[in-house]
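Turn these sequences into a full structure, and let the hints guide you.
Protein sequence lines, in the order shown, are assigned to chains F and P. If you're matching positions, the first sequence starts at 1 in the numbering used here and goes up one per residue. If you're matching positions, the second sequence starts at 505 in the numbering used here and goes up one per residue.
Honestly, the hints are just simulated from the structure, not real lab data. Model, not experiment: these values are computed from the prediction. One or more hints might be untrue.
[Unchecked claim] Once the Cα atoms are required to be at most 27 angstroms apart in a straight line, the calculated DSSO-like pairs of lysine-lysine come out as:
#1 P/K722 with F/K315
#2 F/K58 with F/K31
#3 F/K315 with F/K326
#4 F/K251 with F/K31
#5 P/K698 with F/K426
#6 P/K698 with P/K722
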Amino acid sequence: MTERASVESGHKPLLSLRNINMTFGGVSALKNVSFDVLPGEVHCLAGENGSGKSTLIKIITGVYRPQDGAVIEYDGLTYSHMSPVTAQAAGIQVIWQDLALFPEMTVAENIAFQTVLGRWPRVVNYNSMRETAEKALARLGVTLDVDRPLKDYPIAQRQIVAIARALIGEAKLVFMDEPTASLTQSETDYLLDIVRALSASGVAVVFVSHRLAEVLEISSRLTVLRDGALVGIYSTEGMTQSRITELMTGKTFDHTIRARDVSANPVVLEVEGLSRQGQFEDISFTVRRGETLGITGLLGAGRTELALSLFGMLKPRSGSVKLEGKPVHFSSNRDAIAAGIAYLSEDRLSLGLIQPQSIADNLVIASLDRIMAGGLLSDNSKRDLVARWIVDLGVKIGQQGDAISTLSGGNQQRVAIAKWLATDPKLLILDAPTVGVDVGARAGIFNIVAKLADTGLAIILISDEVPEVYFNADRVLHMAQGRIVNQFTPSECALQDIEASVYA
Amino acid sequence: MTALVNRTRAFLGPEMAGPGFALLGVLVVFSLISPQFLSRATFGSVAFQLPELGLLTLAMLLPVLTGGLNLAITFTANLAGLTLAWVLQQNGGVDAGPGAFFLGCVLGIGVGALSGVVMGLVIAYTRAHPILVSLSMMIFLRGLGEFLTRGGDVSGFPAFLQPLGHGSIFGFPVPLLVFIGCVAIWHLLLTRMKLGFNTYMIGSNIEAARYSGVNTRKVLVLVYTLSGAMCAVAGIIMLARFNSVRVGHGESYLLITVLACFLGGVNPFGGFGRVIPVFVALVVLQLLASGLNLMGANQHLATAVWGILLIAVMILRFAAGHLKFLKRKKG
Chain F
1 MTERASVESG HKPLLSLRNI NMTFGGVSAL KNVSFDVLPG EVHCLAGENG
51 SGKSTLIKII TGVYRPQDGA VIEYDGLTYS HMSPVTAQAA GIQVIWQDLA
101 LFPEMTVAEN IAFQTVLGRW PRVVNYNSMR ETAEKALARL GVTLDVDRPL
151 KDYPIAQRQI VAIARALIGE AKLVFMDEPT ASLTQSETDY LLDIVRALSA
201 SGVAVVFVSH RLAEVLEISS RLTVLRDGAL VGIYSTEGMT QSRITELMTG
251 KTFDHTIRAR DVSANPVVLE VEGLSRQGQF EDISFTVRRG ETLGITGLLG
301 AGRTELALSL FGMLKPRSGS VKLEGKPVHF SSNRDAIAAG IAYLSEDRLS
351 LGLIQPQSIA DNLVIASLDR IMAGGLLSDN SKRDLVARWI VDLGVKIGQQ
401 GDAISTLSGG NQQRVAIAKW LATDPKLLIL DAPTVGVDVG ARAGIFNIVA
451 KLADTGLAII LISDEVPEVY FNADRVLHMA QGRIVNQFTP SECALQDIEA
501 SVYA
Chain P
505 MTALVNRTRA FLGPEMAGPG FALLGVLVVF SLISPQFLSR ATFGSVAFQL
555 PELGLLTLAM LLPVLTGGLN LAITFTANLA GLTLAWVLQQ NGGVDAGPGA
605 FFLGCVLGIG VGALSGVVMG LVIAYTRAHP ILVSLSMMIF LRGLGEFLTR
655 GGDVSGFPAF LQPLGHGSIF GFPVPLLVFI GCVAIWHLLL TRMKLGFNTY
705 MIGSNIEAAR YSGVNTRKVL VLVYTLSGAM CAVAGIIMLA RFNSVRVGHG
755 ESYLLITVLA CFLGGVNPFG GFGRVIPVFV ALVVLQLLAS GLNLMGANQH
805 LATAVWGILL IAVMILRFAA GHLKFLKRKK G
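See below:
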C-alpha cells in the first residue's frame, strides 16, 4: 500500500472509520474496512457492483449496524455505530440514485418538506418553506422557480433539488450515489460545478460513480473497495483511468488497439446523405463485412436517432440506405430485422429486454420463426436454441425459465446480444453496450464483439466513452450536433486525438 | 418419475398452487359438512352453470394478459345473441332451420369480433387506456341493444336449440363441452402460438416488445378481436340456456370474470397467467356456490362468500411472497 495518500497534516478528518466488519447471512460484505473523509474535500468511493460501497454508506448513515469492534469517529465524537437519527442530526446526508423526490409537488415542497414534519401546530407554512428552499438553492448559486412542480424540470435540476434538500439540515458530509448516471455531458459539468461550490463552502462530498473520467476530474482522494475489502486510499493526482480499473477489478487489462484494415471486404451498409429534421444532417458512411465502425460523440449528438433510423423505427427525411448494394426502405423495425439489421438498445432496462420475463423468452422473442414445428412453437427447439447461445456467449444462468432481471448487467447484455444474433443479422448496431455493465465484465462483451466481427458480421459500435471505440473499432466517426465532424483510424492516431475532438 | 413430475409441473405452472389448494379446500370442507355434496347432482349443476361465466372469463383473460381489460364482454355477448335471435326470427322463428342457426352463429361471432376489432384498433393506435375504451364500447353496446329490443326479451327459437343449452353427450352437458373446447383452444393459443407468446411479452413491457420486432398493434387488435369472438360464443350459449335474449343478461358476471382471472393466478398488471389454473379457479367458484346452495344458503350469500374468498387469496398470496422473500434473504 505504498500509494496510500497520507492524511495531510493540519487537517483532522471529519469522519474516520476503523475496523468495520459486516456480514449478511454468513456472507461477508465488508472485511476490516477503514475509511476517512477530510472536512470540505471531494472524496470518491470506487468499486464494482457488490464491492461494498452501498453497505459502507449505509453503516455511516446508520441504516446498518456494523459488527462489534467498529470505531466511528465523527466531528470529535466516537461511536460504535450510528443510527439514522444521530447521523441526520450530525449533518450526514445521502442523495440516493433514485433521488426520492415528489415530481408532482413544487420545488419548495420537495426541498423543505422535512422541516414541517412532526411539528406542532400541524399546519404548513408555505412562506417559510419557500424561504428555506430559496436559501438552500442560493447556497448552490442556482435559481429555480420554487413554486413550479418538480416535474417541469429536467433530471439535472431535480438532482440540484435533491442536493438543496440535503443542505437545509446544516449538512457537513454529503454522500452522492451515482449522481451523474442519467445526466448528459453538459448537465454533468453543471453538477460537478455545484459539487465544487459545495466543497468550497466547507461541506465534504463523497462521490460514488462508475464514470472514471469524472472521478478523476472532481475528487482529490479516492478510496477503492473490492469484494468488501479496502484496496487502498489514493490521491487522484497522477492517477489514470486504467489504473483505477485495475485497482477495482484486481485485473490488468491489456488495452491493445484492435483496428484492422478491412477495406478489401465487400460493403454491407452504405448510407448516403441521410437526414432527419433536428436530429441528424447529411450522414454518409459505409460499413464492410467484418468491420467494426465506432460512432462516438456526446449525448444528444444524434447517434441513437441515426441508429433507430437505420433500424426502421424512425423515418429519415432524405438520403438513401443501401444494404448489400440494394436500396432499402423500412416501414418498421420488423422490415429491418427481416433484411438482416439488428439493434441493441442503449436502454437495456426498459427497451432492450423485458425484465420480468424469462431468459429463454427474451432470447427467442425476435426469432420465433426459427423455433416453429408444424405451425406451433416447439418447446424443445426453443430449449435447444437458448442452450446453444448460452454456451456460445458464455452467459452464466441458473434456469432458462428464470426472470432475466435475476442476471447481472453483463450477463443480461450477453442475452440481449444473443437475441439479435439468433435472427442471423448482417449488421449489428450496438448502442452503448456497456452501460450498467461492471468494468470487469466489459472486456467480456468486447471479446464477443471481436469474435463476431471475425465471423464477418458488420458492426456499428456506438459509445460516448471514447476509449471503448478507440480500442475496439476499426474506424471511428465523431458525431456532434447531428453531423459527422471527424473520422479517425485508431491504428493511425492517438486516443487523445479523438478525445480532443469530442471534448473540445 | 421425476421427469413426469417436472413435466406436470411445467404444464400446470407456478400459478396452479393457489387454485389447486382452493379446490382441495372447497371439496374437503363441503363434503365434511354435507354428505350430498359429492354427488352427481352437485356436479351436474356445476357443469351447467360453469360455461357461461367460464366463456366470459376466457374473453376477459386475453386483454388482462396484455395489461388491459375488456369491460364490454357481457354486452358484446348480448349483442351477439341478439344477432343470432334476429337471424332466427327472420327465418321463421320457431320454424327456423339449422342453416339459419349456422348463419346466425357466424354473424353473431362476426358481431362479437367486430366489437373487439374496434376496441383493439382504438387501443393500439391512440394508446388510450383499455378501461376507458372498453367502457365506452360497453355503454354503446348497452344503449344499442336496449334500443333494438326496447328493453324486453327476445324469444321464440326452434326446438333443436334445446340440447345446446340443456342436452348431454355421454353424460357431459353440451355447454360444458363447448367450454372445454374453448379452454383447449385458449391453452394452445397461449402456450404454442406466436400470438400467445407475444401477448405475454406485450403485457410485461410493450415498448421493449416493439423494439424486439413484435408487431404490437397487430397483437393488440387480434387479442381484442378474439376476446370479442369468445364473448359471442358465450352469448350463443346463453341464448340456448335461457331460450331468450335480453340485454343485461349476465351483467353481474362482468367483475366476477376479472376476479376469476386473479384467483387463477393471472398477474393483474399483465404478462403472466395461464388458462388451466383459471379453469380450476372457475370450478372452485362454482363448487362454492353450489355447496352453499345445497346447504340452503341464500344465493346472495354465495356472492358474498366469493368476495371473502378472493380477499383471503390476496392476503395468502402476499404472505407467500413475503415468506419467499425472507427465505431468499436468509439464503
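Hint check results:
With a C-alpha separation of about 20 angstroms, the suggested pairing of P/K722 with F/K315 holds against the 27 angstroms cut-off. A C-alpha spacing of about 15 angstroms is found between F/K58 and F/K31, which places the hinted pair at or below 27 angstroms, so the restraint holds. Restraint check for F/K315 and F/K326: the C-alpha separation of about 18 angstroms stays at or below 27 angstroms, so the hint holds. Between F/K251 and F/K31 the CA atoms are separated by roughly 20 angstroms; this keeps the pair inside 27 angstroms, and the hint holds.
Of the supplied pair hints, the one linking P/K698 and F/K426 holds, its CA atoms being roughly 24 angstroms apart against a limit of 27 angstroms. Using a Cα cut-off of 27 angstroms, the hinted pair P/K698 and P/K722 holds, with the two alpha carbons roughly 12 angstroms apart.
Violation of the numbered hints given earlier is absent; every hint is satisfied by the structure.
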